[in-house]
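Number of protein chains: 2
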Amino acid sequence: AGNAATAAGREAFRQSVVNTLERRLFYIPSFKIYRGVAGLYDYGPPGCAVKSNVLSFWRQHFVLEEGMLEVDCPCVTPEVVLKASGHVDKFTDLMVKDEKTGTCYRADHLLKDFCKEKLEKEPNLAPEKVAELNHVIATLDDMSAEQLGAKIKEYGITAPETKNQLSDPYPFNLMFQTSIGPTGLSTGYMRPETAQGIFVNFKDLYYYNGNKLPFAAAQIGQAFRNEISPRQGLLRVREFTLAEIEHFVDPEDKSHPKFSDVADLKFLMFPREEQLTGQSSQTLRLGDAVANGTINNETLGYFIGRVYLFLTRLGIEKDRLRFRQHLPNEMAHYAADCWDAEIECSYGWIECVGIADRSAYDLKAHTEKSGVALVAAEKFAEPREVEKLVITPSKKDLGLAFKGNQKMVLEALEAMSEAEAMEMKSKLESNGEAEFQVCTLNKTVTITNKMVSINKEKKKEHQRVFTPSVIEPSFGIGRIIYCLYEHCFYTRAGKTEEEQLNVFGFPPLVAPIKCTVFPLVKNEQFDTVARDISKALTSSGISHIIDVTGTSIGKRYARTDEIGVPLAVTVDSTTTVTIRERDSKAQVRVKIAEVSSIVKRFVEGQSTWGDIQWDYPAAHGSAEEENAPEENA
Amino acid sequence: AGNAATAAGREAFRQSVVNTLERRLFYIPSFKIYRGVAGLYDYGPPGCAVKSNVLSFWRQHFVLEEGMLEVDCPCVTPEVVLKASGHVDKFTDLMVKDEKTGTCYRADHLLKDFCKEKLEKEPNLAPEKVAELNHVIATLDDMSAEQLGAKIKEYGITAPETKNQLSDPYPFNLMFQTSIGPTGLSTGYMRPETAQGIFVNFKDLYYYNGNKLPFAAAQIGQAFRNEISPRQGLLRVREFTLAEIEHFVDPEDKSHPKFSDVADLKFLMFPREEQLTGQSSQTLRLGDAVANGTINNETLGYFIGRVYLFLTRLGIEKDRLRFRQHLPNEMAHYAADCWDAEIECSYGWIECVGIADRSAYDLKAHTEKSGVALVAAEKFAEPREVEKLVITPSKKDLGLAFKGNQKMVLEALEAMSEAEAMEMKSKLESNGEAEFQVCTLNKTVTITNKMVSINKEKKKEHQRVFTPSVIEPSFGIGRIIYCLYEHCFYTRAGKTEEEQLNVFGFPPLVAPIKCTVFPLVKNEQFDTVARDISKALTSSGISHIIDVTGTSIGKRYARTDEIGVPLAVTVDSTTTVTIRERDSKAQVRVKIAEVSSIVKRFVEGQSTWGDIQWDYPAAHGSAEEENAPEENA
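Taken in sequence, the protein lines are chains A and B. Its first residue numbered 939, the first sequence is counted upward by one per residue in the working numbering. Its first residue numbered 939, the second sequence is counted upward by one per residue in the working numbering.
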C-alpha cells in the first residue's frame, strides 16, 4: 500500500487500483453504453470469479464447518413482512431537494461536506468554531430532521451545483418499491436484507433442526437499497450481495461449545470505552475480551473470532482490520451488543461485517404481526415444580350480581396481574369484599369473596417456552472484495525503474484464475503440450487460461500478474515445463504429467510455494523473467 | 416413476413427491406465516444445497470447460435497456378482469380450461365440435387480443369463482416495475432475463477476449416475471434463477471446433417436421441432425449436445428428455433456429432449457439505441482487393451551378445507391448530363459530367466489420431441479408391504448431503469416533450430518434416504465402521481412518459403489438394515 499515508497518496493509490480493476474488467459500471446508473456495477470475468471464490469459501468456513441450515428466499417481499420488521416505517435517509430543479441530496452528506470543507479551507477559524464543526460531524447520525434542517439554514447551505435554496429535510424510504401481481393493489419491495426471509421461516427451521437450540441459518443473496445519491464507488451501491447468518440461541445460555477454538486469537479491537475516551484500538485476546465483559457473550465472541479468521484467510491485512463496538447511540434499542468488522482502505475504515446480538426483537415482531408463535421450548429432564397464580371466578355468583356485564367483569378478574390479585385476595380475606375497577365497563364494582377464589398453587411444568435470541453476522460481500483488492494490490519496477507493473497478490484461494499456460514460442508441439496440460487442469476443476499471443514471455507474465494469477506454466520443451510463482517470480522445472497435481495441491492449500521449491529444481534459461511492462489498453 | 401412466397416477405420484419435498423443507412457500405470496418459494436447507450443487456443476461443465467469461450484473435495470430489447413493449400476457371484483385472469388460461373441461366432461360432443376445441387449444399461443376476446364471448366464458362478466383481453406487462433514485422520474424494472446484461457489455467482453470470435459469456442470477396468476407450483414462479450463455460467433462461420466431441451422441429429438406431421420424437445421432440440416448449424448442435450431457449427468432420465424444435410461429422473427430441452414430469413435457440462435438481433438493437457500435472485425491475413463505388463530386462546379443549394445536391450525390450511380454514369457518358431528383430540395436538377465523377475502383481492405450472431442456451434452474426431484424419487416397501418408504435417488453430485454419520447406540466412545469422522469429512469439504437421535438405525436410514443422502456411516466399534449405500442398501466394513477418503472419491465420481464393494468386505450384523418406516412429521 506504499505511500498511502497522506490524503493525496491515498487518492493516487486508489486511482491506480481502480484503473487496473476497470481496465481488466474486474468490474464495469452497469449499462455503460447507456451512460450507466449511479450505484450499479457489473462484475466482469475476473471480478465474478473472485466473488464466486469468496462465496465458496464463506460456505465452507461457515455453513459447512458449523453445520448451518442454508436457505434461499426471494428478493421480492410483500409489504406485511417489512412492515413487521420496521423497514417500511424506519428504513429511511433524510433528503433535501433543490427547490428549483428538484435534484435530491442526502441532508447529512451536505452538512458533513460543508463542515469538512470549512475545516480544510479556513485555517484561521476560531477554536470554538472548529470544535462546533467537529461536533456536528461527530453527531450527524443522531440528528433529527428538524436538527439537520436547522443547521442547514444556520450555515446557509444551498444546492451544490445551482446554489438554489434547499427544502426542509424529510425522510425518503430506501427500499425499491414495486407491485406484486396484476391488480396493482399488493405492494412489495425488493428486500433490503436477506435476514427477514430466515426469521419468517424460524418455525420450520427449528423443527428441521429437531426442535433443538442453538442452531444457525444462513443465506447468500442480493439485497437492494435505493440510495439517494450513491458515492464512494463500489462501497455504496444500490444492489449488493449479502451473506447473512442468524444464529438462534437460548437467551439464558449464550455460551458456545467451540469458543475455546478461538479464545486465544489476538487482534485489533476497539471497544466502546476506548472510543468514548479518545483512545485508539488495541490488540486484545478474544478470550479475555469475553471474560471481562467487553464482548457481551461467548457466542458473539465466537463469531467475532470466526469472522476474523475468514477475513484474514481471504487476504485482508491483519493490521488494517479492527472490530469496533457500536456506541450506545448507534445501536438499535433492542440490540444487546454489536461489533463491526471494519477494514481500512483508501476511503478510511469501512464497515464490512456487522456482528450483532439482536436479542428476540425480530422473532417477536413477526410473532405479533403474523399471529404464529416463533418460539422455542426447553424440555425439562425432570418436571419442575413452580408456584402459579390461579384465579377462579364463580360464573354463577358473577351472573347473579352483574347480569349482562358478567362477561366483562369475569375477563377483568382473569386479567389481573399477580400484584393486583394478591391485593384483592388480602382485602377479600380481611373485609369479605373489594372494590374493583373494570376498564371495559368504565366503572368500579364490588367483588365479594363468593365471586372469585384467588390462590397460589404449585404446578408441575415440563418445559419452558421462550423467544430465542438472534446473533447475526452480516457480510457485505462487495465491500469485502473491494477492500481485498486494495490490500492485495502492489506495483513493482518493470524493465526500467519508471515503468511500474501492477500486481494483485491474491491468495490462491481468492485468485480469479489459478494458473496461466504459455507456450514459450508459437510451435505445434508446444501448443499440443499446452492443450494437454489445459485438459488435465480442467478435469481437476482448476480455472486457467492459455495465452498464445505472440508477445514476449515477460509481457505475458506481467499481464497475468495484473489479474493476480498465482502460477504461470511456461511450455518450453515437450518433456518438462517451468512453473513461476507470481510474487517471488521464482521458477521451478517439473515434468508435464505432474503439473496439474502440483497446481491443485498449491491452490487447495495442501502445499506452499516453499514446499514446491523444496521438491523441484529451480529453473532458469529459456523461460526466464524479462520484466517487461504491460502495454496499457 | 411407477404408475405415472394415468392422469390420476401422475397426480398421486406428484402429491407424494411434493409432500416429501415440503415436509423435508426442500422448499417452503415464501412468507408462509403471512399466508404466502403466489409464485414465490424459498429453498430450505436440502433444496438450497441441491441448487448450489447444480450451479457448481453448471460452472464446471460450461464456464470452466469451455473457458467462458462469467459476469454478474444487477437485477435492477433502467428502462432504456429493456426498451431496446423489446421487453417494455412486448413482454406481456393477455389479461381479463372480473368486471365486478377486479380479479385478474390470464385470458388464454381461461379459454384453455374451458375447452379442456368441455372435452373431458361432455363425451357426446359432435366430432366437428371436438375438432374445433382442439384447434383452439393448439392455436392459443398465436391468438391476438381480439381473437381471444371473440372466443371468450362466443363460448360465454365468465369469471371462474363469481360467474361475473369478463373484460376484453388487454396486454399486461410482466416486468416488476420500480423507480431508481429518489426523484421518481427514472423508471426501472427487475430484469426478466440475465441476457441483456451481457449484450450491453459486448464491446468490453470482446476486447477482454483479445478482439477474437467466437467466445461465450455466461451469467447466473435472479430473474423476475410478475405472473398474472401463477400455477403449476414450482414450475411457474415470479422469481427464479437463470443460468444463461451468450455465445458470440461470426454469422458466416458457425462451425465449432469441438463438435466432434458430441457428434456421436444419440438422443430424443423432435424436429419441426415431425411435429407438423403428427409424428413423435425420435432418437437421432447429433452429427446426422446437423449434417442433414435438421439443426441449423454446428455451434447450435454443439450446445444441444452439451446440454444433453449436463442434464443426464445431473440425473435426468434419458428417455424423459427430448429436444423439441420451435415451430415457425413460436420463434421470434429474428431467430435462425431454436430448440427447447423438454423434460417429462407429472405436468407433461416442460421446457427447461432454451437453445436459440438469436442471430444479430440483440446487438443490433442496442447498437441502434445506444449509438455504441457492438460489432466485431475479422482482420484479413492479407489485405483483400474489393471493387468499390467511388463518387467524387466537384465542389467548384456544383457551387457555380447551385449556389446556396450546393450542399444538398452534393449530399444527395454521395448518398446514391450503386444502381443509381451506375445509371447516372452511363447517362453522363452518353449525353454529357443527367436529370437528378434531390429529395431535400424537392426538385429535379441537371447534373453535367463536370460536376461529378463516378468510378468503380479496386481498393484494399484490411478487415471485415460485422455484427456477431448470438447462440443462447438459457437454463431455468428451478424447473430443472423440480424435474430432477420427480425423476429421482421412488418408494419402496418398509417393514410391511403397506409401509412405503420415500427415497430420493440423487446422484452423489446432486445430493444435498453426501453422507450421514450414525453412532449405532448412545455411548461416549462411539460419539467420539463419530466426531472424528465428522472432522475429517469437514476438512475434505464434504457436507454431512451426524444423527445422534435415539431411534433405531433402520428409522435413521429411512430418514436420510428420504433426503437422498447416498452414503451412511454407522459407528458400531472403535476400529471399523460400516458404510451403507442408499439404493442397494448394501454395506461394507472399513477402517475409521479411511472413511473420509472413500466418501470423497465416491462423491467426486472417482470411484463407484461397485469399486468400493470390490475393495472392502461386505458388512452384516450390528448395523444391519431394519426397514423401519419413517414416522410422519
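Bear in mind the hints are in silico, worked out from the structure with no lab data behind them. Hints may contain errors.
When chains are identical, the list treats them as one kind, so a pair holds in a single copy or across two.
Heads up, simulated EDC-like pairs for lysine to aspartate or glutamate below, C-alpha to C-alpha not over 16 Å straight-line [claimed, not checked]:
| id | residue 1 | residue 2 |
| --- | --- | --- |
| 1 | Lys1021 | Asp1199 |
| 2 | Lys1363 | Glu1399 |
| 3 | Lys970 | Glu1306 |
| 4 | Lys1397 | Glu1323 |
Bear in mind that the values here come from a model prediction, so they are computed numbers and not experimental data.
Which hints, by number, does the structure contradict? 1, 2
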